[in-house]
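Assemble chain B onto chain V, guided by the hints.
The listed protein sequences derive, respectively, from chains V and B. Using UniProt numbering, the first residue of the first sequence is number 1, and each one after it goes up by one. Using UniProt numbering, the first residue of the second sequence is number 1, and each one after it goes up by one.
Keep in mind that the hints are not guaranteed to be accurate.
[Stated by the list, open to error] Not everything, but these chain B residues come out facing chain V in the computed CB check (under 7 Å):
hint, residue
1, L233
2, S270
3, V278
4, T280
5, F436
[To be verified] The list that follows gives simulated cross-link-like pairs (lysine-lysine, DSBU-like), each with its CA atoms no further than 30 Å apart:
hint, chain 1, residue 1, chain 2, residue 2
6, V, K215, B, K618
7, V, K259, B, K618
8, V, K259, B, K281
9, B, K619, V, K215
10, V, K261, B, K5
11, B, K619, V, K201
12, V, K259, B, K343
13, V, K204, B, K195
14, V, K181, B, K618
15, V, K163, B, K621
16, V, K259, B, K5
17, B, K472, V, K259
18, B, K275, V, K259
19, B, K5, B, K343
20, V, K216, B, K317
21, V, K216, B, K377
22, V, K101, V, K201
23, V, K181, B, K5
24, V, K259, B, K619
25, V, K444, V, K345
26, V, K259, B, K230
27, V, K261, B, K195
28, V, K259, B, K329
29, V, K192, B, K275
30, V, K261, B, K329
31, V, K29, V, K345
32, B, K329, V, K216
33, B, K281, V, K204
34, B, K343, B, K230
35, B, K619, V, K261
36, B, K517, V, K181
These are calculated hints, taken from the structure and not from any lab test. Every residue, glycine too, gets a C-beta built ideally from N, C-alpha and C.
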Amino acid sequence: MVEEESVRVVRCGGSELNFRRAVFSADSKYIFCVSGDFVKVHSTATEECVHILQGHRNLVTGIQLNPNNHLQTFVVGLKLHALFTLPSAEDSVFVIINKEKPDVFQLVSVKLPKSSSQEIEAKELSFVLDYINQSPKCIAFGNEGEYVAAVRDFYLSVYFFKKKTTSRFTLSSSRNKKHAKNNFTCVACHPKEDCIATGHKDGKIRLWRNFDDDKKYTYTCLHWHHDMVMDLAFSVTGTSLLSGGRESVLVEWRDATEKNKEFLPRLGATIEHISVSPAGDLFCTSHSDNKIIVIHRNLEASAVIQGLVKDSNIFTGLMVDPRTKALVLNGKPGHLQFYSLQHDKQLYNLDIIQQEYINDYGLIQIELTKAAFGCYGNWLATVEQRQEKETELELQMKLWMYNKKTQGFVLNTKVNMPHEDHITALCFCNAEKFENPTLVTSSKDGHFKVWILTDDSDIYKKAVGWTCDFVGSYHKYQATNCCFSEDGSLLAVSFEEIVTIWDSETWELKCTFCQRAGKIRHLCFGRLTCSKYLLGATENGILCCWNLLSCALEWSAKLNVRVMEPDPNSENIAAISRSSVGSDLFVFKPSEPRPLYIQKNISREEVQWGVFVPRDVPESFTSEAYQWLNRSQFYFLTKSQSLLTFSTKSPEEKLTPTSKQLLAEESLPTTPFYFILGKHREQQDEKINEAFESELVQLPLTENIPAISELLHTPAHVLPSASFLCSKFVSSLLLSKETKSGEEIPEDVDMEEGKESDDSDEENDFTEKIQDTNNTDLGEDLLHQLSKSEEKELRKFRKVDYSWITVL
Amino acid sequence: MGEFKVHRVRFFNYVPSGIRCVAYNNQSNRLAVSRTDGTVEIYNLSANYFQEKFFPGHESRATEALCWAKGQRLFSGGLNGEIIEYDLQALNIKYAMDAFGGPIWSMAVSPCGSQLLVGCEDGSVKLFQITPDKIQFERNFDRQKSRILSLSWHPSGTHIAAGSIDYISVFDVKSGSAVHKMLVDRQYMGVSKRKCIIWGVAFLSDGTVISVDSAGKVQFWDSATGTLVKNHLIANADVQSIAVSDQEDSFVVGTAEGTVFHFQLVSVTSNSSEKQWVRTKPFQHHTHDVRAVAHSPTALISGGTDTHLVIRPLMEKVEVKNYDAALRKITFPHRRLISCSKKRHLLLFQFAHHLELWRLGSTVATGKNGDTLPLSKDADHLLHLKTKGPENIICSCISPCGSWIAYSTTSRFFLYRLNYEHDNISLQRVSKMPAFLRSALQILFSEDSTKLFVASNQGSLHIIRLLEGSFKHLHTFQPQSGTVESMCLLAVSPDGNWLAASGTSAGVHVYNIKHLKLHCTVPAYNFPVTALAIAPSTNNLVIAHSDQQPLPNDKTLLYNPLPPTNESDVIRRRTAHAFKISKIYKPLLFMDLLDERTLVAVERPLDDIIAQLPPPIKKKKFGT
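Just chain V, same shape as in the assembly:
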C-alpha cells in the first residue's frame, strides 16, 4: 500500500465541462471536452466518459481535431488561449497568445515541426491579427481558410490570407445611442459562402456579406434573443445557423431568414457554447450549469453529459445520500443534485421547488436553503424560502419519502410556514431505537419544533404524514442550531450563546451550557467512545467541548471555526478555520484537546462547506497522522466552488496516462457475436494481464465456444430459419446479461482507471479489481454452462431440420 506519502489537497472532479466548445470526432461517435487539466472523451450515444486524455499540468484551453488526420487531436494549454486548425494550412495551427499587456491578445500562426511525439515545441510564429478578444468564440475562419474574422468591442476585423489585408467594420458604440448594446460577443463563418455571422450584446445577430469591399459591405439582422448572444454556429452545409444565450433556448435559423426559425427550448441553463459535428448529424450545447447536451439534427436532445453544477449559491451545504453515497447539494435553481464522486458525474436532479424557473435579473427567486437526510436515506427534508421584503417571508418545508419502486423521492408532506422566521437548522434523529422518524427544526423565531411521522387521517390508515409534536423555546432567544446525539436520546439546541440539552423522550430541558463567547455557530455531539462530549463553535472564535456527564466544560480552544464536521465512522471531527492567509484544517477527537492532524493552508480561499464521505473499503494508513482518512474521506467546497479533497498519491501517479486503447474494440460492430466474443477476449485479457499494451488485439478464437462453432460450422442450407434460431440465441444472451459482469467489465476497469486519477482511490480501486476478477470467474462458469445447454438446443434444431428440408 501507499505508505507515508504526504497528504495533499487535490481537486476531485467536478471541473468545468463548459469552458470551451466541445469537439466532435469525425464520425460523431465521441465528443471531446476540455475539463480542467484533462480532456474528456464521452460517447455521444451513451453519455459515458470513455477516455480521459492527460498530459497537461495546467488548465487546458483549447482542443481541435486535426482536419487532415481525423484521428489526431491538438490540445493546447497554459498561456496559449485558444487554438484553431485549418484544412488548407496543413502544418500550422493558429493560437491566441497574450502580449505583454494583460489585455492585449494576438492571433498567431504556428508552424508545426514534423514530429511524432506527444508534445511539440514550435518556434516559428507568424503574426496574423492584433488586439483581438481572448475568447475563441470571437475568432472564426471562413471559406476554407480564405479569411479570418475577429470581433472585439464594437468592431469586426476580417483578415484575408491571400490578399494579406485587414478590413475593419465598426458599429456605432453605445455612446451614440443610449442603451444600444452593440458590442460583439461572438462570430461564426458560413462554411460555403462569404458570410459572417456575429452575435451581439443586445441579442441581435448580424449576417455580414460583401465584406471584401469596404464600401459595399452590407449586413442583415436577425433578432430573437432578448439578451446577449452567447454563441453561434453554422450547420455543416451552412443552411442553418444556430444561436443560443441566456434564454436557454437553442434557436435554429433556417436559410438565415428571420421568419424561418426553429426552437429547442427549456435547456435548463444559459447556453455558453454550440458546436456542430463534422458529419452534420449532431449538435451540442454547453451550458453554464456544467452540462453538455447532445442534440440531433432534428432538434431533439439525445444525451446529457452533466458535471457538478456550480451555477448557484450553495445553501444546503454538502451532504451524503446514505443510499447512493452521492454528494448532495444545491444544483440548478430549485433542485438538489446527486453527484457521484466516483464517476465524476451527476446522478440525477431532484426538483424540490417544482416551479418554472424564470431566468431574469432582479427577480427574487425561491431558494432551497436547507436539506437533510434521515432514517438511512428513507426521508429527505427540505426547506425553501423567498423573501421579497423584510417583513414578507415565504417559507415552506417539504418532506420526501424514498420510494423503492420508483427509486426516487416522493413528496409526502408539505408544511407552509413551519416557523415564523428563517429556519436555521434541520436535523433528523438517526438512532436505530427510534422507530418513529423524528425531525427537529430550529428557527430565528425563538422556537424549535419537533416533527414526527404519524398516521394521516386516512380511513385505511395507510397514508402517513408529518405533524408537529413539540415546540420548545428558551427565553425568546433565537434558536441557532440543533443536533441529536448519536443514540438519539439527547437533543442539543443552541439559543444564541446558550446551549440547551433536551431529553428526546419527554422533551424536558435537562441542562444548559453557557460560555458567553458569542453566538453558537456550529454544534455537534461526539460519536462512539466520545459520545459524552458536546462540541460547540462560537462566532467569536472559541471552540468548546462540554462533558455531558459532568455538565461542565471539558476544554476550550481559540479557533475561528468555519466548518465543523463529524466523521460518522469514527470519533474524529474535522474543523476548518479561516485565517488571513487561507484556511487551515484541524482534525481532533473530542476527548482530547490536542489535534490529531493539522494541515495549514489547505486553500487560499474561504472554505464554505465540508463533509466526510465514508469509504466503501477502508484504507489502512499506518501513520498516525493519516489514520483519520482510513474510514472516510473528507471533501470540502471553497467559495469559488471547487470541490477539493485529501489524497496521498503523488502527482506522477495521478498522471499515469490511460494507455489502454479501446480503439480495436470499438472497431468491432456491436452484434450479439461481439458480446460473446468480447467476453471471450476479456477472459484472455485477464490472463495476459495489464502489461498487454493492446496495440494489436488478438481476435479471439471462435472454436473455443462449442455453441458458436456449432452454429458457424453447420452448413447454411441445413440451418433452421433465422427466426427460429433467434429466440434461443436472444434468450441465451438474456441469461448471460443477468450475470451482469461479463461485457461490462472491460469498460468498468477502464473507468476505474480514468477516475482513479481524479478520486485517487487507489485502495478502493484495487479491491474492486479483485472483486471484478471474482465476478468474471463466476461469469465464465455461467458462460460455459450456458454454452453447453445452448449446444444441446442447437443440436436439437439440426435434427429437426433435416425433416424440414426433405419436405422441400
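For chain B alone, coordinates are given in the frame of chain V:
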C-alpha cells in the same frame, strides 16, 4: 434676435392623405407621388426634394397606379377606370380616357417608353400605344379570371408578368397569350388564408420574376420554366410594394407592418461569379402600411398610409457625407395652407374640402423670456366653409383686413365678403365672377385689402380691385411669349406698389402695380424658388431657394431689425445678423408677424397626425 410674443397655434387639425403610388423618373430625377385623395405631387430630387408641382385631388379619382413615360409624360390610372395624363407645364389634367375595363389597378410603361400597359378589374390587360399627344388603344391580352394588381415588363420588352389573385401570369407581348401561370401558395405560417393577393411583381432581365404577396412572402420565380426558385417569408402581414434598381442588383419591398426591406444581389464567395439575393437591412420608418416604394440610384423611397414620404439614401452609394446622405421624411405639402388676417388676428386654414376661420386667443399677462402665458380669451372657431363638388381646394387666402376670403378649385373661383357685427359674422358670396377667373394656383390680397392678385394656371396674372361688395378687373399680365409656365408664388410689397411672382423654374418677375407693367425679371437660379417676400421699409425682394444654402454673411442686406438693446457690444454684433435658429417648435406650417412684437406660428406635431390615422397592424412587442 428680438423678443416676441408668439402665438403657438396647434389647433390646425390638418391630416395629409396617405400615399398610394410613387413613381421615380430616372432621367429628370423627379418623383411623382399620388395620394389617396387623388392629389399628385412632383418632387424634384435634385433640388433638395422640393415639391415643385402638384395636381389637386378629386373625390372620384383615387389613383391606383402612376407611371412615367418617355418624354417626361406622367400617367395615372384609378378606380374610376380612367387613364389620366397630366400636363406638367400648365399643371392641369391633359385628358382622361376610359380604359373600359373597370377600375384600373396597375400600369406599366414598356422599357422603350412607347407603350402603356393597364391591368383592370375585369382581369384584362390592355396595351396602349403612346402617341405624341394622346394614347391609343392597341389590343387586349388574354383575359384572366380576376383583377390584375401588378404588372411588370421584361427589360427587353418581349414578355410581361402580371400579378393577379393567387397566381402570376407571364404573357408574351407579341402574341398576347399567357405563357405561364405560376400559382402562389396560399398558406401563411401553416394556416390557409383565403386568398393570396400578388401586390407586386418585378421582371428581371435574366428572366427571374420577383413577386410580393399578401401572405408576407417575397418569391423568386423562373419565368422560363414557371417554377418557384426561392421563397423569403419576411412579414406576418402583406408585402405591398416592390421596386427594383436599374442595375438589378438591389430591390426594395414595403410591408403592411411599416417595414421596408432591402434585398441585394451579393456574390456567394469573393472568387466566384455566382450571386444570390440576400435580404439585408430592414428599415422601420413607417408606422403603417407601406403602399409604395421606389428605388432611385442612390436612395430607397417609400410612402404609405402614415402619409410620410421617406427617402433613405444608400450609404454605399453616397460619395460624401453631406446633407444628401441624411434620411428625409416629408410629410407636409411644400405650399401655403394658412393665411392670416393681421388686423383682426384671424387665421384661415385650408383643408382638402373645407376652410376654417379661427380667431387667435389673447392674453393680458406678461412674463419673462421663455414663459408660457395663460390665455385670457381662448381661440375661437368662427367659420367652417365647405366647398361644393368633388374637387379639392387648390389655394385660399384671407385679406389682411379680414373681410374677404377667396379660394379656388380646379374649375371654380370663389370670393366671399365677411361682415363682422360684434360677435356675429355674416358671409356673403360675391357672385358673377368673370369667366377668366376659373381656377387659380395662388391668390393674394394687397396689404390694404383693396386689390386681389390671382395667378391662374394659364400663366397669366390677374389684378382685381375690390370694392364694398363688388369688384373690378384691373389688369391681366399675360405670360411671357413662348412660356406657359404657371406662377405659383406671389408676394406683394407692403406699400402696394410691387408684385413679385415666380413659377416653378423660371426667374422671379417683378411687376409695378401702379403702372401695371413688368418691372424686371430676377435671373433664374439653379434651384426652384420656395418662398418670396418683400421687405416692408426697404422694398428688398427676398427669395428663398430649395438648396438651403448656408446663412448669408455680414455683407448681406438683411439685419436684425430688433437688436437687443441692453446687451454688450460683442453680443450685439453677433446678434446683428438676421438669421437665428430656434429649435423649440414642432413641425411648423406657417409663421407670420402680426405686429412688430407678435408672431404667430402654426405647429403640427407628427404624433397628432399619427393619432388620427387608423390603428396600425398590431405587432407583439417584446417585454410588453
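Original post:
What hint numbers does the structure not satisfy?
Top reply: 5, 6, 9, 10, 12, 13, 15, 16, 17, 21, 23, 25, 30, 34, 36
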